[in-house]
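Enquirer: As a plain string of letters, each chain reads:
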Amino acid sequence: MQLTERHKEYWSRNLRITAILLAIWFVVTFVVGYFARDFFSFNFFGWPFSFWMGAQGSLIVYVIIIWYYARYMNNLDREYGVEEGEEE
Amino acid sequence: MSAVTSQKAFTAQLKKVYTFYTGGFLFFLVVLAILEQMGMPRAWIGYTFLIATVLLYAGIGVMSRTSDASEYYVAGRRVPAVFNGMATGADWMSAASFIGMAGTLYLQGYSGLAFIMGWTGGYVLVALFLAPYLRKFGQFTIPDFLGARYGGNAARFVGVLIAILCSFVYVVAQIYGVGLITARLSGLSFEVGVFVGLAGILVCSFLGGMRAVTWTQVAQYIILIVAYLIPVVWLSVKHTSIPLPQLVYGSVLEKVTAREEQLLKDPKELEVRKMFADRAAAADAKLKALPGSFDSGKADVQKAFEDAKAGNVPGDQLAAAQKAVDTYPKDAAAAKAAWTKDAAVKGRANAPLRHGEAFPAANEKARDITRKNFLALIFCLMVGTAALPHILMRYYTTPSVKAARDSVFWSLFFIFLLYFTAPALAVLVKFDIYTLLVGTEFTKLPAWVNSWQRVDPSLLSIVDVNKDGLVQLAEIAIGGDIVVLATPEIAGLPYVISGLVAAGGLAAALSTADGLLLTIANALSHDLYYKMINPNASTSMRIGVSKALLLVVAILAAYVASLKVADILFLVSAAFSLAAGGFFPALVLGIFWKRATGIAAVLGMIAGVSVTFYYMATTQPWMRGLFGVTSPIADNTWWDIAPISAGLFGVPLGFLVIILVSLVTPAPKREVQELVEHVRYPNIKGDTMNTSAM
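Going down the list, the sequences are from chains P and S.
Residue numbering for the first sequence follows the numbering used here, beginning at 1 and increasing consecutively.
Residue numbering for the second sequence follows the numbering used here, beginning at 1001 and increasing consecutively.
Just chain S, same shape as in the assembly (with noise of 0.2 Å):
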């Protein structure tokens, strides 16, 4: 059999396969949903969901486990555009962008876009600078084409460390998220989530490396976008009857937006916004008066008290006298931090921002720089995208340059199914809160408003602030990560589709974790062990060198996730920014501009990232923590930029580097620039080089 219709066999088998299993799934939904209705208990439903997936997982894991290079690398380079498709896209959507975005339109409305166009955008860049390109050259890391482009070692142990470096903090982030969500499922506590989800992302990825990792990554798509889509359908018919959501919100957004007004003059909002601004602004004038402001504060409690006592009052006056005098401060210390965390109820005074307005701010100046940092946010995110090696990678892995090319638009198609529908969903989440939760009598609180309140009161707690027994928009506090999680119930939806949702969480929480375990582990494994340490080793003391990484750097990453330690939002996009300014430009000007030098690369890359570093470490509060960073944050500040795209300054540097450098230094030797036409042209007859390694 010739090797195209062998394709072609593997291809009709792959489609058969998946459409059994995506039957087989369903079909399980079915199985479980006639389970809960005759009466099996929901904690069963959770772990029925956490072990049937997880257990898929691992099969898939076993099944394709390998010790031949080719398929251990780059899954033998065989796997058709379509699928490499869906194994990109549940590679790049995280648990960020599978449970956090949708909360992050929800709370930031118009501003919140930056991450839906920043993270699909990016493929454009993908698509047209990198991907064809990188698979024409055909090995098995992105350091690979560093360190054969820029000549040597030095361009490739950069590459290394910048990749750690981004996969690293990623990676992070993404075991934070399989430890919350396992957490949810199972009922244990966190730290033990964490090392359970560990457990399920090394089956899917130490047996069978980037083979076994893509075979699972198609199956934990095809989860999670069922999982997204079905609750986001159920509460658009809900609110429109019509089953396209994407379509037909829009006329929820006008309701929305009219609601908005009426809410921005309703003097019951307006009254318990100015007093959440006293309380704030009381517990600053105390914060301000400390030390002293703490005696006074506890006489005048003790006083109160007493006062209660002699004065015969009712017993629950009573109670709340001795209440205050009970929960007062112990030190000025403790006043300091109850009094900060008072003050910090300012917020919540502010009006409710109007969901489709573009840029809200006090003037124009605030709002001048409002824009400035959305686009930055974009391009950050956007040439981010298009230089985290964990999705580069996923490109050595089809069959062709052909299918490179055609890989990036299913990758991009299979995103845009998610991406284009959270919009929806905040806007749907929005309506059914802003006009049915809003004004509800708290006796009459919608079930899954109570049950959220019990299971998490930082996703959702409401205080009747102004004691008239309704609902006022500003009485409710939201954490945007429910906006996902509640949707099933907010929808009337049976519990099985919430199990549901959160195995679709774990799934995209898993899959993005092991593409990156795998490029960390192949980072040292391949470039800083075969490469440049032992060029001799056998191809299994490699595989085996590699596997014991990837055990290694999932227990380190999933320890420094057990920590808690910093905010892992901002972890998320640190990697997009440091990925941006250390590997865009040498990637780019590596295929496009013959003349760039290895000494300009290597300069280039350290510039882009250090400059991008620098900035985070200067201005982010937790990094300025860790650094020890003292001068105020507005002397670090440049252009008025959010710590978040510091990556603004760092492509554009890396570029002036690598061009001013390359443009004082000898060009590069005869055969580099041979090897920048190989990989420009997909075949070219006469020409003997092979990059391609097998």
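One chain only, chain P, in its complex shape (with noise of 0.2 Å):
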């Protein structure tokens, strides 16, 4: 099996979508965290942001973040051709 130039930027691509996305995961869980007394106390509807964000900000945007990377993925197979085939 040879890997041809288009294979290479497939994967390329691969890693800096997965790379953006780990950011967002972790600003979205360890910076949110951190500064959760500090800059993130506010009113929120009710809640304190930073309670809203541990019991259901962060869960929404984990949600959205493996949806988004799912279509993102699926498009990039047919679009480097290596999507898997009709058979599967």
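One or more of the hints may lead you astray.
What the hints assert, rightly or not - Derived list of chain P stretches under chain S, where covered just means 3 residues or more per stretch with a C-beta under 8 Å from a C-beta of chain S:
#1 2-11
#2 16-26
#3 62-72
To be verified - Which residues of chain S face chain P? A partial, calculated answer using Cβ under 8 Å:
#4 P1352
#5 G1356
#6 F1374
#7 F1413
#8 Q1673
#9 E1677
Claimed, not checked - With a straight-line Cα cutoff of 20 Å, these simulated SDA-like cross-link-like pairs (lysine to any residue) come out:
#10 K1286(S) to K1336(S)
#11 K1685(S) to V82(P)
#12 K1685(S) to Y34(P)
#13 K1685(S) to N74(P)
#14 K1685(S) to E83(P)
#15 K8(P) to T1688(S)
#16 K8(P) to Q1673(S)
#17 K1365(S) to Y34(P)
Rather than coming from a laboratory, the hints here were simulated on the basis of the structure.
Where is the CB? At the ideal position from N, CA and C, for every residue including glycine.
Two chains, two frames, some hints: make the complex.
Expert: Here is the structure:
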């Protein structure tokens, strides 16, 4: 098996989107968590914002990250012709 | 019929079956509710739930029986993404999620959110780093991947050991949960409950392996989510008149916060807390003065009794003095035990925590430690999620890489439904207790309080400490599990919903236990027996061995659970840290770094899991007892991290060892590098490699 330039490009685009989504995951979880008292304790529809993030906001972001990654990669597969055949 | 249309027809068929099933289940609930109104006794309702649901799971298990290897190990690799999502949800959500989590949030407030984030955010790592690649690899177990990628039996063997270690501690906790719930539903003793529950677990997995487990897990997910949501929605209607608790509990939290401020200053609350503080201080003083205090204390109660007799006091005072003599500890050792227990009420003298406050602590330094541990726990739970073999294994069962990616989305979506409801439930119950229960007269306690005090005083006990006839918050001793278990009664729902909640908890524990047992049995039968000991074994032999091992492991786990040896919550968390430290670095580097070598991976896995285990063994009280560690905990603590988050050290060490050792060992062989390329692309022209095992 010989990888073409296009195959390598597919992989590097995969790595790029993985890194971006991982960064979002990190910020939502650990940066917001770290500064929970200092910057994020304002009132948000009744919840302290940091509490709402921990209980709902971050979870919603996680679901969206995974949804977006699946959509992005499924499209990328087709764009680079590495999608699975119909018989699968 | 082509494969695509047959898969489509299969999915359509599944949708039909599970729609009927859900409808049937709701019909069953309505019938039971009507029967309850007509006077069916509560015990019968409990029995009906227990027998009906276990029979249902058994039915699915028997219908899914198989002796085909691909069906047995990976459900024929044709589980549609949505259904695999539901099955993963049930596999994932254990008794700890279903029953324990809302209680933890009730007791810990913001700090409890570490479990909410940690047990959902881990799926981001599963989606980005593992699921699609493992599906492309497409064999049966996680050690399969380690063995192929890291060239040989050493990596496979270490993988088998780690998989068994983390899955076994986890499954013991699940069977313990099954025993508790079975005992509650049926009135049998806990030990009998464990083995009855065990039968329930085995009927699902024994005959049909992964195939049976998958289809029962889907059924179990539907029951557990219905059971979780109905009472919360009802409670939300009671307090906010809006049936969407997740959207509106912010306003309830505001009311709880205002009420907390009142209670923190309330003179009656302060009085009760001071009484606890005094009692603890007195016990402490007596403990320090042992053994002398035993004799003097004994003389004191004797004298008080004699005085009361001579002084002609009223009967009840005399009886109290008599009781003080009768209940006085028999000897110094008994006195020590009793007073140690008394000294422990010190905790109840503490002011209640503010539910919404992040990192509550006395001073900045303590606050920093709390924050550090909060983030460390999230990290370990997340990485552990992305390393537990019983979860990763589920992504082998989808028809394609694309379906595996979609399936992680559905998994988290179905888990999310429960996880973003749990914090709402905790706040609603807190509101109920803080505003409705606190301040009630003892003669007018609500019915659910009386019944739970009778059923299990460790879950709820309220004693009028300051004898004012009113309930103070400080007088309520509450166990976390009651939050979920008693919600139907708090919300004023019929008993049939209480039965439903218990059945939901049972479904959660059974489904997780099934997934874990299968993981262990497969690691032993497929990886150890077939791949390493007897590669010539026939399919029927392999599956026969797997079934036999399943039975042995299940009985062993049930036996350990029935001993009630350890702190169960600790066991669950330990499984996450151990999996994180052991598997995560080797799996991720195996896919993303071609240069990672076999010897490096073996050493990295051993280093990661060992340092995690070592940290727990030296800092966790029960583990210290087990291994006879006597040096002070403070000396063994690194960076103030709690033992539950030991994976914080294991994961980076695992990465470090794999990277460093890889760089000094020769690069992996050409075919291993090709394997890595193979798993990175869903389908590549000219790729002759086929790792997929059918």
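Enquirer: Determine for every hint whether it applies to the structure shown.
Expert: Consistency of the hints with the structure:
no. : hint                 : verdict
1   : 2-11                 : holds (count 5)
2   : 16-26                : holds (count 4)
3   : 62-72                : holds (count 7)
4   : P1352                : 17 Å, violated
5   : G1356                : 5 Å, holds
6   : F1374                : 7 Å, holds
7   : F1413                : 6 Å, holds
8   : Q1673                : 10 Å, violated
9   : E1677                : 6 Å, holds
10  : K1286(S) to K1336(S) : 9 Å, holds
11  : K1685(S) to V82(P)   : 8 Å, holds
12  : K1685(S) to Y34(P)   : 47 Å, violated
13  : K1685(S) to N74(P)   : 17 Å, holds
14  : K1685(S) to E83(P)   : 10 Å, holds
15  : K8(P) to T1688(S)    : 18 Å, holds
16  : K8(P) to Q1673(S)    : 14 Å, holds
17  : K1365(S) to Y34(P)   : 15 Å, holds
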